[in-house]
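4 protein chains.
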Amino acid sequence: MTFFQTRTDLAIEAREMIQKEDQTGEIPGVKVEMEQKEDLKLKITKVKIMDNKGAEVMGKPIGTYVTIESPFLKENDMDTHEDFIRIVGKELIRLKELSEEDVILVVGLGNWNVTPDALGPKVVSQLVVTRHLMEYMPEQIDESLRSVSAISPGVLGITGIETGEIIQGIVDKIAPDVVIAIDALAARKASRVNTAIQMSDTGVHPGSGVGNKRMGLNKETLGVPVIAVGVPTVIDAATLVNDTMDQLLDTMKAEAMKEGPFYEMLQNVNKEEKYQLIREILAPYVGNLFVTPKDIDATIDRLAHLIAQGINMALHPGLDTKDIGRYIN
Amino acid sequence: MTFFQTRTDLAIEAREMIQKEDQTGEIPGVKVEMEQKEDLKLKITKVKIMDNKGAEVMGKPIGTYVTIESPFLKENDMDTHEDFIRIVGKELIRLKELSEEDVILVVGLGNWNVTPDALGPKVVSQLVVTRHLMEYMPEQIDESLRSVSAISPGVLGITGIETGEIIQGIVDKIAPDVVIAIDALAARKASRVNTAIQMSDTGVHPGSGVGNKRMGLNKETLGVPVIAVGVPTVIDAATLVNDTMDQLLDTMKAEAMKEGPFYEMLQNVNKEEKYQLIREILAPYVGNLFVTPKDIDATIDRLAHLIAQGINMALHPGLDTKDIGRYIN
Amino acid sequence: MTFFQTRTDLAIEAREMIQKEDQTGEIPGVKVEMEQKEDLKLKITKVKIMDNKGAEVMGKPIGTYVTIESPFLKENDMDTHEDFIRIVGKELIRLKELSEEDVILVVGLGNWNVTPDALGPKVVSQLVVTRHLMEYMPEQIDESLRSVSAISPGVLGITGIETGEIIQGIVDKIAPDVVIAIDALAARKASRVNTAIQMSDTGVHPGSGVGNKRMGLNKETLGVPVIAVGVPTVIDAATLVNDTMDQLLDTMKAEAMKEGPFYEMLQNVNKEEKYQLIREILAPYVGNLFVTPKDIDATIDRLAHLIAQGINMALHPGLDTKDIGRYIN
Amino acid sequence: MTFFQTRTDLAIEAREMIQKEDQTGEIPGVKVEMEQKEDLKLKITKVKIMDNKGAEVMGKPIGTYVTIESPFLKENDMDTHEDFIRIVGKELIRLKELSEEDVILVVGLGNWNVTPDALGPKVVSQLVVTRHLMEYMPEQIDESLRSVSAISPGVLGITGIETGEIIQGIVDKIAPDVVIAIDALAARKASRVNTAIQMSDTGVHPGSGVGNKRMGLNKETLGVPVIAVGVPTVIDAATLVNDTMDQLLDTMKAEAMKEGPFYEMLQNVNKEEKYQLIREILAPYVGNLFVTPKDIDATIDRLAHLIAQGINMALHPGLDTKDIGRYIN
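Protein chains in written order, with my numbering: chain W, 1 to 329; chain F, 1 to 329; chain B, 1 to 329; chain H, 1 to 329.
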């Protein structure tokens with residue numbers, strides 16, 4: 001049995017779509033845990049894909065996907081901002097334990113010049129990178145700091161080189177123990193845009209993210225564990241049309257227009273066919289169009305700061321927020 | 001007879017929508033002329049709304065709307081770029097004759113910080129403004145230059161002041177003969193985004209443009225003629241969904257599913273009701289979501305340069321392109 | 001007796017220069033108070049110019065100049081950041097008491113496109129502006145909020161209109177009780193760049209700030225009290241050369257080269273003449289060249305946030321930091 | 001005999017400094033050719049360092065340095081812009097002949113976030129990169145195109161990795177025949193800022209450029225020829241002070257203050273010592289301060305476009321300007 005899936009990079013959305021199809025609660029091979037904090041309107045969902053069966057149904061590789069959701073994330077709120085920094089740092093460490101000597105490479109995926117795809121490069125520009133300091137002036141460096149380096153290689157259309165190849169070349173040179181890859185994602189629901197952070201231990205796989213990727217960044221391609229951290233910043237235009245149309249039909253149905261052969265036909269039309277039709281209608285614009293909130297510029301800046309500080313706290317546990325300024329240029 | 005209209009700021013799109021309804025070629029009170037240039041894939045359409053009847057049907061005020069359309073406009077093509085600059089300059093002059101002594105104020109509407117809404121401010125930053133030079137060092141100024149000043153006041157959400165009030169205050173101080181207002185617009189068709197420039201002698205009216213305006217910039221509010229220049233840079237999300245759904249139904253119909261009471265019902269459903277339903281479904285995201293091409297950052301920069309140079313040539317006919325650099329800081 | 005002054009916008013630097021000349025502690029007509037906080041390495045200096053004599057000697061108008069200095073200001077330190085926000089808010093209120101009904105207009109001076117001159121526009125973009133909300137939806141607005149509007153008119157070279165004229169036009173329209181003007185300043189000492197915030201109740205006077213101004217923003221020109229808030233973000237190139245040369249001579253002197261007629265001549269050369277010579281040598285580049293730190297982009301962003309939040313707290317005392325996000329778009 | 005050199009990355013400035021010391025025209029081991037074009041106020045200087053002696057005197061490695069100088073370069077002049085694009089393309093090809101099959105990697109050095117250091121990344125973002133197209137859709141690619149890829153790795157302070165290491169890693173992966181490295185440079189004379197383009201076949205050496213480099217990009221480190229292309233965008237603050245002081249002394253001398261032991265002493269003071277004193281006085285700000293024109297943002301954009309198009313024409317001779325847009329995203 002396969003499920004057709006319109007575009008989402010979020011494991012929690014993949015799960016919702018399958019459950020809607022299925023009408024049963026459980027998905028075989030998939031375990032879900034949830035945690036909530038009222039004051040932050042926070043929901044942390046841990047989706048564990050445990051075997052090949054789960055992976056096939058979910059359309060995502062085996063591994064753990066932690067999603068931090070809160071409407072506050074997209075808001076300009078200084079107080080909760082610090083709470084979320086701590087939560088990101090803590091969940092990152094729970095996802096992947098690090099030893100004191102681990103050498104880390106952080107990769108910022110995406111395109112500086114396209115606002116909703118700039119999350120990765122913006123996070124990288126705010127990290128406490130220490131590898132060069134440890135090499136050139138080890139005596140000045142606090143013992144509690146790990147060796148961290150970071151790069152934003154740019155997208156295929158600008159470099160002409162697969163991001164995977166560039167990172168392989170750098171991994172060969174500097175031999176990190178763990179890679180952390182930051183990426184902007186596509187969501188299915190408008191309400192999730194800029195209100196969720198997904199972290200997983202499965203790395204990045206071809207076809208995910210806002211840009212197109214032909215090659216993954218994961219243990220198979222790089223030889224070391226890869227943690228992926230992402231925020232949905234756009235909705236695919238075809239997905240938005242498709243889902244809105246489904247909701248429109250539901251609304252019409254509820255409003256007692258539910259008889260007639262055509263309605264049933266439309267209801268029962270092969271879902272993948274309908275989605276393909278929409279894509280064709282939107283072509284040649286689809287793939288080139290995205291749907292994004294008006295305040296995306298300011299929101300991306302804030303989320304990049306939040307994630308960068310969360311990573312800084314996770315990688316350099318001895319560093320308090322007062323010290324971070326000294327290490328960021 | 002009134003027509004319901006989904007969101008478009010373009011007179012040529014308003015006309016297309018009405019003709020589709022009507023199936024007749026002519027719209028009473030509206031005159032249309034067209035001109036084409038093969039090498040530039042260029043189409044110049046002049047829509048003249050001549051009386052109140054035309055204005056009511058079109059949903060736009062009486063006046064002339066010139067639209068310059070070409071797929072090259074959104075492309076990074078240095079050769080055609082210069083041709084379009086000349087065309088913009090020429091059409092602007094045809095729309096509004098200027099005397100040598102006319103004092104001009106150019107207003108860049110929109111928000112610097114929101115890429116698809118930044119067209120106006122970006123045009124303003126590349127204009128040859130001369131008013132201060134004429135006042136402080138008239139002897140150094142070429143006689144062929146007109147007095148030009150320019151301002152980008154920012155949007156209501158940032159200033160707390162209606163753009164119209166700000167411009168009224170400035171118009172009171174500097175008493176221009178003509179105001180030219182630059183704005184980013186919303187199109188209905190994805191194919192028109194960044195491929196059309198509309199110029200009209202009717203000014204800017206409440207509710208048009210990418211941002212929300214509560215007060216117009218036109219002869220009634222400012223006391224002087226206002227030329228509006230705009231480029232559609234976004235599609236409204238609800239419009240995209242609505243139009244894609246209509247096309248999907250057309251496709252299904254063509255594919256012989258045309259019977260059944262439901263289909264007819266959907267066909268005949270009050271169009272405004274359907275659009276309102278879609279808006280409600282997309283709410284609370286609608287109004288906050290826009291649909292825009294991925295390369296919007298680079299395209300806006302190019303179009304802003306093109307329009308600014310076109311205006312420079314129209315306002316300062318004695319200035320050749322070599323000289324312009326000396327006057328732009 | 002007049003003192004020649006190389007370029008500084010800071011009252012505390014003007015005072016230092018005069019005291020160095022004079023070798024006496026006191027300046028007639030000028031009163032100075034100082035306050036320190038060890039943990040923030042903070043020094044708050046209040047310079048009061050009390051009469052015309054003080055104004056002449058200081059080369060600045062009668063009024064109060066409060067300067068908040070700390071090396072932490074230019075650092076990326078989240079903890080002290082919040083302290084400085086509170087201090088800016090508190091000192092602003094001490095400088096100018098506001099009544100509950102006061103209507104405020106904040107003016108961001110300077111040029112968006114020139115990093116060290118972009119402080120004003122960046123502050124404005126982060127203010128809680130409320131004037132439009134109070135007008136269009138008063139019931140939704142907290143009673144504790146004041147009516148605040150804000151504008152960044154752009155510089156003379158881009159608008160062709162004196163900033164003073166633009167602001168006069170807007171003041172005529174919206175009739176504020178107080179204007180707050182934010183500007184980037186020029187310092188004399190490299191160590192003060194980005195480490196000081198000056199607030200004064202004298203407004204902005206011609207010739208101050210990073211850009212050139214021919215017209216002031218003050219009670220005389222606008223008819224309402226004007227509070228000026230500024231940060232030194234650049235040093236003038238000629239000032240840097242002049243002061244470094246003086247220090248070089250001092251160093252040489254200390255190194256026992258202190259005899260000879262030429263040295264004395266150079267020591268005694270008319271200071272203004274020497275500075276003019278340096279300006280001429282640097283011309284035609286002077287006026288066009290500035291000296292600024294490499295990390296100016298990030299530092300300006302941080303200082304703009306700090307000042308904006310400080311102003312938000314001063315103008316909307318009922319608003320806690322949690323609420324601010326709701327009002328900033 | 002060694003000459004002390006204040007900071008310059010330009011071979012033509014190094015030569016001027018030596019000639020001023022020497023008062024003779026010729027420098028042993030160095031050959032100079034010059035070419036001029038009146039209409040463009042253009043001077044093309046080819047400095048050839050032919051042997052170790054020349055390299056030692058000039059303080060630069062053996063090789064050819066071509067400098068294109070014109071005051072028009074920093075101006076916003078559309079007509080000469082295209083001429084300069086052609087000249088950059090032609091001189092690049094004269095410096096390094098390329099075969100049809102040569103695979104090229106372009107490296108943009110410098111920091112996106114620091115305006116005068118952003119030249120390299122800005123050039124890279126406008127190149128016609130083709131390597132991925134040739135790999136994934138060779139049938140769609142014009143035969144006249146070369147395989148070009150490009151990367152802007154970011155600076156050491158942001159990545160924690162030497163740029164040289166990153167590029168070595170990528171060179172190992174994609175095996176280019178030639179590397180072209182773009183960098184912002186430091187000039188000695190204010191008049192050269194943004195008015196010169198230097199191209200050399202010697203690659204990039206440690207200590208050059210606006211940022212600090214500890215490792216070069218040249219044939220020795222990468223194993224393939226490296227062409228360096230640079231524009232001076234800043235002057236070092238200590239160099240500006242030093243040179244202005246020297247000019248001041250010359251002026252004073254001309255004005256008949258030429259007697260006295262002190263003046264002679266200052267004249268004869270060891271030049272390196274004086275420069276070191278100035279650096280110490282400016283410390284701890286030196287290295288952190290740069291001197292740059294106010295219009296640097298707009299000028300860098302224009303020069304990046306010019307150099308990118310020049311490189312595009314040199315690398316893809318079959319491509320005319322009309323086609324370039326199709327390949328740039």
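I should point out that these hints are in silico values taken from the structure, not numbers from a laboratory.
Do not rely on the hints blindly, as some may be mistaken.
In this list, chains with the same sequence are indistinguishable; a pair is considered to hold if it fits within one copy or across any two.
Unchecked claim - Mimicking SDA-like on lysine to any residue, the simulated pairs with C-alpha atoms at most 20 angstroms apart in a straight line are:
#1 41 - 69
#2 219 - 206
#3 219 - 132
#4 173 - 223
#5 96 - 215
Structure-based check of each hint:
no. : hint      : result
1   : 41 - 69   : within (8 angstroms within a copy, 39 angstroms between copies)
2   : 219 - 206 : within (13 angstroms within a copy, 35 angstroms between copies)
3   : 219 - 132 : neither (25 angstroms within a copy, 24 angstroms between copies)
4   : 173 - 223 : both (13 angstroms within a copy, 16 angstroms between copies)
5   : 96 - 215  : neither (23 angstroms within a copy, 34 angstroms between copies)
When held up to the earlier numbered hints, the structure conflicts with 3 and 5 and fits the remainder.
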